[in-house]
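S.K.: Line by line, the protein sequences are chains A and B. First residue of the first sequence: 1, per the numbering used here; consecutive thereafter. First residue of the second sequence: 1001, per the numbering used here; consecutive thereafter.
Just to be clear, a hint being listed does not mean it is correct.
Now the in silico label distances, taken between C-beta atoms and shown as ranges [what the hints assert, rightly or not]:
no., chain 1, residue 1, chain 2, residue 2, range
1, A, 83, B, 1200, 51 to 59 Å
2, A, 189, B, 1009, 42 to 50 Å
3, B, 1117, A, 37, 32 to 40 Å
Partial list, computed: chain A residues near chain B (C-beta under 7 Å) [stated by the list, open to error]:
no., residue
4, 82
5, 86
6, 99
7, 101
8, 102
Hints are computed from structural coordinates only; laboratory data are not their basis. Quick reminder that beta carbons are idealized off the backbone N, C-alpha and C, glycines included.
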Amino acid sequence: MDYLYYLREEKMPHIWCDGCGHGIILKSILRVIDKLGWEKDDIAMVSGIGCSSRTPGYVDFNTLHTTHGRAIAFATGLKIVKPNLHIIIVSGDGDATAIGGNHFIHAARRNTDLTVIIYNNYIYGMTGGQASPTTPIGKKASTAPYGNPDAPFDISRLAQAAGAAYVARSTVYHVGKTDRYIEQAFLKRGFSVVEIMTPCPTSYGRRNKEGNGVDMIMFQKKNSVGIERAQKMSEEELQGKIITGVFVDKEQNNYLQRYKEVIDKAKQINQ
Amino acid sequence: MEKKPNPNVRMWQGNVACAEGAIAAGCRFFAGYPITPSSEIAEVLALRFPVVGGHFIQMEDEIAAMGAVIGGSLGGAKTMTATSGPGFSLKQENIGFAAMAEVPCVIVNVQRGGPSTGLPTHAAQSDVMQARWGTHGDHPIIVLSPSSVRETYDLTVRAFNLAEKYRMPVILLSDEIIGHLTEKIEIPDPSTIEIIDRKKPIDTPENYLPYKMDDSDIPAMANFGEGYRYHVTGLAHDETGFPTNDPEKIRAQMLRLNRKIQRFRDDIVEVETFNTDDMDVLVISFGSTARSVKRAVINAREKGVKAGLLRLKTIWPFPDKEIEALYKPVRKIVVAEMNLGQIAHEVEWATRREKPVVRVNKIDGEPITPIEIYEAIIS
Ligand SMILES: Cc1ncc(C[n+]2csc(CCOP(=O)(O)OP(=O)(O)O)c2C)c(N)n1
Ligand code: SF4
Ligand SMILES: [Mg+2]
């Protein structure tokens, strides 16, 4: 396929560091769009603030770079007004689950027909490596110089509990899986989440002595466990492992389908 | 002979008039979060929108509501949110986004006492400065203030028209008294209401510049999903909409952004004068307090004191020229407002303190009475 067809080539070079995993995720997204044959005019990509949230600037769609954490809120309004747009939200772990955590769980609850791709690198990359809601306990961050005291979110489980229609987790090493999950998420007519583990060598890897981007990706390869196998493993065995796979895939009316019922009822009563 | 009932007469509350004015203006998307004393606006639209082809959504907080309103406007709808003090504070960051990215939208603030939770069920007019400067950075904003139920209807329509015309957020700054006041009004025939829509691009998508610098100072706005693929960001950007660090381009865009207000202020600013022709004492007020002022001016005239009222229907940009045109012959100026002098300060500035400015202020949730203003006039 021709990636350049979807890219704003004149905006290159991008801001991402050597070894950053964000570009690998972008390629997965573009491959799936190409496979599905979506028209560029029919796609809107919406983001918040962060390295991950810079993705929309590089793609030739309707693109919206909002405020930190608020992409889902903006996208909710856009989807209601333009229901035929395919809306892809790209967000970081901090953007989606710290400052934007409220919007994330409520969009899942509402089952708005949006896809959120979360680039989880365990850290606030853009601002220089402060702890995020997914930084594991004990790991170092610029604001956790003695090790992070806070317990992390499991983003996929959070999305599942909040009511999302589709939830899956992959890593940038597992590109095939990532593509498959993104495709399933795009086709879901409800709130879908794909959490992708991605290395941030600059703001996380270096401080935690995890090597360069390649080392960090090889770590993902070694330490990922499929969800079926994980179910047979003990708590101890799962320590430090990344559980990948499809957590949720269910059919339920989405927000706009339910609002259609509201309209029908209102018209019936008011006629 | 039996009189035919006038089909345009309504017994409405200010907040209902706001919701209905929005519908009349063509608003079809509302996102909100409940807060007293604004909730009736959301409630009326929750009831009415499904029937008139609009969409109401109750969001998880005011930040989300403001975001959804911007997203909806980028999709091409006329959009609105309504709130009061605490919620208005939460909306500020995204109001700045709307100003920076030039996304038309209307924000209603039915003012209550503050700061913080303050006085949820009592009026105040203490968000005048927040409405102007609540979000960070030098940004344009338009703020309108109604003094009656009918005017709430009219200014809501006007808020949408100005938002669309100048591509910027417009704030309707009402207050608890006006929001909850019920009056018998006659609404205009829909066919007589002027409706302004945003300027659409005439350029082809390949040549479209979302922040084009031209003589109009107001770039044409394409809706998302209609063939114009462009980038919208809150970062400083150039004509193309993409972020830039080039000081020259940033300066040009930032000056144009703020010039929209300076250049078109005469079209934006509206005031009402009452008994100002031969006055000795000029009373300046706005919103619900202006109603008490009117009574006080009449009472003062009956006692032989020549008082007049200047009522600010537009608060920002500030009606300094209109004050300039009135204040020279007067002995003193009285400014009545339910805060500690936010407008009075601007008045002193506009009149270079050439006249004594007597402040009538109240911040306890009680309205300022005509007697209190009368005393300030005759003292
Ligand atoms: C309201 C607000 N608070 C803080 C910031 C500063 N800020 C910018 S990006 C960011 C964190 C981004 O982290 P994440 O979402 O994980 O993205 P990453 O850079 O790691 O891809 C923060 C805190 C901001 N832009 N806005
Ligand atoms: S700081 Fe981290 S997340 Fe940001 S571009 Fe560099 S490697 Fe990627
Ligand atoms: Mg991150």
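S.K.: Evaluate each hint against the coordinates.
M.R.: Now the hints, each set against the structure:
1. A:83 x B:1200: 51 to 59 Å: 21 Å, violated
2. A:189 x B:1009: 42 to 50 Å: Holds, at about 46 Å.
3. B:1117 x A:37: 32 to 40 Å: Violated: the Cβ-Cβ distance is about 53 Å, outside 32 to 40 Å.
4. 82: Holds - the Cβ of residue 82 of chain A comes within 7 Å of chain B, reaching about 4 Å at its closest.
5. 86: 10 Å, violated
6. 99: Cβ of residue 99 of chain A sits 9 Å from chain B, so the hint is violated.
7. 101: 10 Å, violated
8. 102: Holds, about 5 Å.
Violated hints, listed in ascending order, are 1, 3, 5, 6 and 7; each of the other numbered hints is respected by the structure.
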